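Novice: Each chain, written out:
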Amino acid sequence: MLTKNKLTTACLANATAAALLTLYSAGVLAKDYIVTTARPDVLFVVDAKERKVVKTHKIPNTSMGNSPITVVPSRDGKVAYIIHNRWETVSGIDLENGKEVFRAELSEGEDLRGKAVFAMDLSPDGKELAVFVNPTRLLPGEYQVLDPYIAIYRTDAGTDAKPERKLPSPRRVSTLAYSAKGDTLYTFSWEMLKLDPKTGAVKGQHPWRSWKEPNRGEPDTLAIWPQWEQTNIFATPYYKVATDKEAGDPAALRAGIWALDLEKDTVSFKEFEDASVVLFSSAVNPVRRNEVYTVYTQLTRTDMKTGKMDRVDLDHTYYDVNVSSDGSELYIGGTQGDIAVYDSKSLKRIGNIRTPGGGDQVLSSLRIFKR
Amino acid sequence: MKKKHMARGTGALVLVTGLAISAIGNPAHAALSGQALVNSKCATCHEAKTDQHWTRIGESRRTPEGWDMTVARMTFAHGVKLSSEERGAVVKYLADTYGLAPDETADHRYIIERTPSVVEHPESKPIGDTCARCHSYGRIAVQRRTEDDWRKLVHFHVGQFPAIEIQAGGRDRNWFEIATGDVAKELGKVYGYDTASWKQWQAQKHADASGVWRLVGNRPGVGAYEGKATIARTGDDRYSVAMVMRYENGSEESAKGSAIVYTGHEWRATLKQGGRDIHQVFSLGANGAELNGRWFEANNDAVGGTMRAVRADKGVPASVLSVQPAMVRAGMRTTLAINGVGLNGEVNLGRGVKVIKLVEQSAERIVAEVEVAKDVASSSRDVQVGRASGAGLLKLYKQIDYVKVLPQHPMARVGGNGGSQPKVPAQLEAIAWAAGPDGKPGTADDIRLGAVPAAWSVDNLNKMAAEMQDTKFAGRIEQTGLFVPNGAGPNAERKYKTNNAGELKVTATVKDGSRMVKASAPLIVTVQRFNDPPIR
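Line by line, the protein sequences are chains A and B.
Per the working numbering, the first sequence starts with residue 1, numbered consecutively.
Per the working numbering, the second sequence starts with residue 1001, numbered consecutively.
Looking at chain B on its own, in the form it has when it is part of the complex (with noise of 0.2 angstroms):
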């Protein structure tokens, strides 16, 4: 597809309802001013100090979804009066006034992602000990306040679930003591409220997203996909974007819809994609040189993708962004495309990489026939075309020595059946790794080459699930490595008429010439989320 296909997105300005529960994507509320709106509506309760400061409202700084978490719990606990386009503004001055740093978000971003079962690793024990067992250590990990609105939000806590302290992980321990004490300080120290990324962050310009973008990314279940945007501003932080992906099995989608920038960086669109409402979380970084982030469906998160994002106006640098395919086998010819922009000069793909002949070759996509000589070795390879180069983007491998099924820890939750929550799928990747130089798999020199098709299956994961049959009961897996839960509820055929969670072994058997390799990950089959918030 050609740039004409591309909808220049200056018609009439899509309406979207934003993140599920929010007013995140919403762009119709331009004109209040969400400073105005604090003063009237949350001064009564939040004492005003300077023209910029009320008490609580100024001792934390949060993502736009960590606010319209906070405002909506004003709305509902404190009887706080917003209209959704009042609600939007006031996120949006808050995110503005009181937010992250790009580089304070960066470790955790997926939890805003909402990228499916992720395992946490606390950078703070005592805090994942004491805070991680109802929801995500991240949810903290993107906030930052002052300790002492720390001990405050420990109060909340005790103060509006008194169970917190009889429940497990709070009973083995004087909880309240340890979550106003030394847990308090640690917040303050590791996630407190001043830091110099903030004010640097503030004292810079931040940048305007329009202009014309060069894309590439990976949807896991079908594949990469590269292409372009067009983003044109249509207020302040305000645009529409138009876009257009075009997949590796040859497959295209187009999407269109509308995006605020939050706190200079917090890209946040809601658009129609192949016939879908889509969510985009990214950061604009790099000085505005670069979109980055994850997107997914609006009423199924689990099914999305990743996304990167460069300039592709007139006279950016050159940079090479994705291959495709990213991996090739020792001995095979192949026809490759290299994605990026400003391509322009010879393509090098490194010793033992013969450039037969090129097919295609534009600034953005050059498809070159090539051949990779039988004996070398597997490896890296970083992608030259003139003087850009994407460092790393061709795997050449010997062998695929292992798979690994990703996510490793993969959760899907029944739903559907006449309930309120719909089913949670899983969508499984096979990666296939090759051992690096030392020729040992499972080492640190080792290759990640990446996805491969594979054979699909499931099987109990123990004996108890064998028992009550789990494998009947609980789902069934897709070819495309999609794992779809059955229905919500008591199932009369099953023992102690329970619902159809279950405990799953999923096996990827991935064909490697005439050799097969295998892998599996254990995957939970669980119970709805009832309560599903910006931030899990």
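If we strip away everything but chain A, and leave its shape as in the complex, we get (with noise of 0.2 angstroms):
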């Protein structure tokens, strides 16, 4: 235990040190970087505007047939937080020197397993980590799968967290997003609960499936990419049956966007078209927070007023989307081993970046920070 701390104190002490002399334009604008991982073990930040790779860090200790999933950076942008090895480890890595500042293993003792399905996020003054656990005992010659949890480990815990608490949580969470304030904890599962994020207690909700419109059945998403750091909005595309329309009908299925605006807790959403295309994920323009744009084979546009859209093919699936902070360029990764870079405005490709290794960003979050 003693020596782990040492090591950790002195990670700590040499990665403040190498944060005086870095890369990064301290004092300077700001500029945005992205953070991503990819296949097997690398994670990777891009200077967005220059296209450029500037740090490549191996994730320690994880299982390499896997690929690592949700990506939390901190918003000073100094530690990154990571699932990974077979969602059984979270890791928080210093994007400067790639040390491995925070670990928690999320099984207890031989014989419970606890997976984090993607649901992750760090508390606004970054001093907690939210995570969804799934445990599960395994006996001899039987898996038990007991009630899942939040757990909330405190980020200085070092390199063998543990949890300072555990909230009770309904079953089936893909986000977890704090209030901007820090004092409500969102938790998607089949409602959009409001959690205390001190006692777990449900404050409220917002209702997804309990959300009822005219001639339209219970709404449908997979809402599990964090990506609402530049606007604290969080936006994701949905699908609703239209019930007064035959199966077959193209108008039987349709889109729409919906967002939680995580500083004013109130939920808007806009319908805008027929489902021609799959959409998987969204992200808010930070500049025109009317405009939401939307990946997978076709980057979309949607303005939440009007409904207008417009629509480009992409060279192939992109599962993220997120937006630099002047509102002028998309960055769109996941799936494979590249981001692409689009103009907001023209939708047109400006630019690609691969990533480190070729390996593929299959499940990753696409993050940015400012430094």
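No lab work stands behind these hints, which were simulated from the structure alone.
Computed from a predicted model, the values in this text were never measured in an experiment.
Here are the computed distance ranges between Cβ atoms for each label pair:
id : chain 1 : residue 1 : chain 2 : residue 2 : range
1  : A       : GLU246    : B       : GLN1035   : 58 to 68 angstroms
2  : B       : ARG1448   : A       : GLY358    : 47 to 57 angstroms
3  : B       : ARG1448   : A       : ASP360    : 45 to 55 angstroms
4  : B       : ASP1148   : A       : ASP360    : 35 to 45 angstroms
As a list, the in silico DSSO-like pairs of lysine-lysine whose alpha-carbon atoms are at most 27 angstroms apart:
id : chain 1 : residue 1 : chain 2 : residue 2
5  : A       : LYS245    : A       : LYS270
6  : A       : LYS348    : B       : LYS1463
7  : B       : LYS1495   : A       : LYS345
8  : B       : LYS1463   : A       : LYS245
9  : B       : LYS1497   : A       : LYS348
10 : A       : LYS308    : B       : LYS1463
11 : A       : LYS308    : B       : LYS1495
12 : A       : LYS245    : B       : LYS1125
13 : A       : LYS345    : B       : LYS1497
14 : A       : LYS348    : B       : LYS1495
Which bits of chain B does chain A cover? Going by a derived footprint, with three or more residues having C-beta under 8 angstroms, they are:
id : segment
15 : 1045-1055
16 : 1167-1174
17 : 1486-1498
For every residue, glycine included, the Cβ atom is placed at its ideal position computed from N, Cα and C.
Take each chain as given, in its own frame, and dock them per the hints.
Specialist: What follows is the structure, encoded as structure tokens:
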């Protein structure tokens, strides 16, 4: 224990020292950096406007056959937290020097295995990390699924981190998102629950499954891509069956964007088309805040006020989209081994960044921080 | 070909590799005791309750393939070390002790026979809706478990694949609650452990398969065949097999290999047939009097055929198995071959079909010249030879009223091109139909005439396919109805550099006298199946 703590302190010290001599432009105008991961164990940082990979780090002690998933950078861009190792480990990697400054094994003892299925967020002050954990008791000759929980870790807990507390949670959580003030932990299950991050008490909810509209069935979304850091607006594409249309009618399945403002605690949504293409994940423009971008095999721009839509084909499927701080550029990644850069106005491709080592990003998140 | 051309199967045992990743066809483990192995290899985690019952292991029943998949998982997920002989012996013991009776698999044999492009019809809607989105419904329907063991299987799924709850088909419901609740109960009811069938089957003495067999079958793309097999016992539940198959197009194949019978009826053989490695997945039924099932190429299971065999030893009751051709147009004069065993006596094909002369006559095959009256109605005819009768084997027709493409929802998979998975072709057949006595096509009394030659073509299935030029990229069809997909991997020539998947429409054009009858089916060309377990 002692050695481990010492090691961590040493790492932290190193990291701090290195930060003073950083590549990153301290003092001058803050720049956008992209942080994401790729197969099998690569974490990398990109200078977005330069289209250049500036840091490549290895995620230590992971399962090489499996790819890392959710990435959450701290707001100051110092550390990125990553779910990896068959979803059984969360590591915090110092983005400057690649040191592992935080590590939480989600399993406990020999027989209690924990897996984190995508949902993870960092409190706005960077002090606490919330992780949705699915535990399974490994009995002789049998697995027994237990109730899931939200593990809250202190980010200074080092590389043998144990949860500071565990919040009770419904099953089937795909997103965790702190409110801008940090006083609510949005927990997206069958409903968008508002939890007290201290106690787990349910303070309220925004309707999802119980969201009723005339002639519409229940909404469906797969919200596993956190990409709201530029706006504090969580946005996700959704589909709804139009119950007044015959199956087979193109208008029988409708698509829209659902958005939750993490500052104001308000929901807005816009149904904008008959579902004609697959929509995977969305991000809002921090400058023209009515504009939402959605990707998959197409890049779609939707005006949340008018529902007007523009669409271009992409060269392959992409899962993630994020937006530059000045709202001018879109960074599109996930799936394969490259990040495409698009102009947010013309929707023209203006750049491309290859992943170092060429590994696929698969289901990793594509996040932006400023330094 | 006559008997003397068939190998006697008493020579050196042909060593076989068994099903794809399994040890099921491997006869080399005769000496090992499966029960002792379960005690030494499994009981550390699965406590022995009685000398034939360990926790979990005594609470479910499976096919040989089902047991092999589970034992394989014990090896790769839980570190159980077994040589391939030991694995084979464990699977043999478990399938014999905890297997399924013939009637318990009857409705879902397609899944163990690896029949391509079967559209499943789950007999339980709740189970189908909850469980059949990642793998087949058949995988479930060829197992029997206690309700509690079904529930443990759900726990395994969620513990191992927690994303199951947020994927499409999982997130729209309280999946875990439903699957461990109502669905586990339903599974225990529909596919429960205790059944009268199994009790009865366990009490029954199981047949010895050795002897001489007469066989008939159909190989889509090539046609009907008939032949003979000699099966000789080489050990407990182990046999050598030698076969000859004569196709209606005049070609002939001989085959030689070895077989194991599991659970008293699950016949699994591996043979060299016409130069290719073939697996047979048959059931030894009717008290050991029949073998029924499908055979397929070991490394290309989309290609194969069906087979039915009956005993042809001396003194067996006479039976008519098939007639070639199986469909004759009204007003035609033709040569018919009747295949069977113990054939003896007058040939009677019913009113309006005149037997002009017998060209060949043996106990196993009669060739006759026949004439069908002009005014005969489209109908199914029993083929009678003496007292033996093959019900509805001969179809007479005025015209082909319509054609159906089979399978109705064919699927092919891109492959090869340096990748790990071979191409998976789709073998199509054009099946001719005639309207029945009501004169209306498309009603319940219609007569299925059989497979007919067709001119095959492909088109784009929809607007999207046309835009993506799927006909150009997805593959091509041969005039035997074999669709061969193109190579795997991204294609730089395609939009989005996408792979060669596509959505096509295949059309069979059948000539019926001076008329042309057409039928189409959607053909989906999709990506490789990287994990292809014995039960999909």
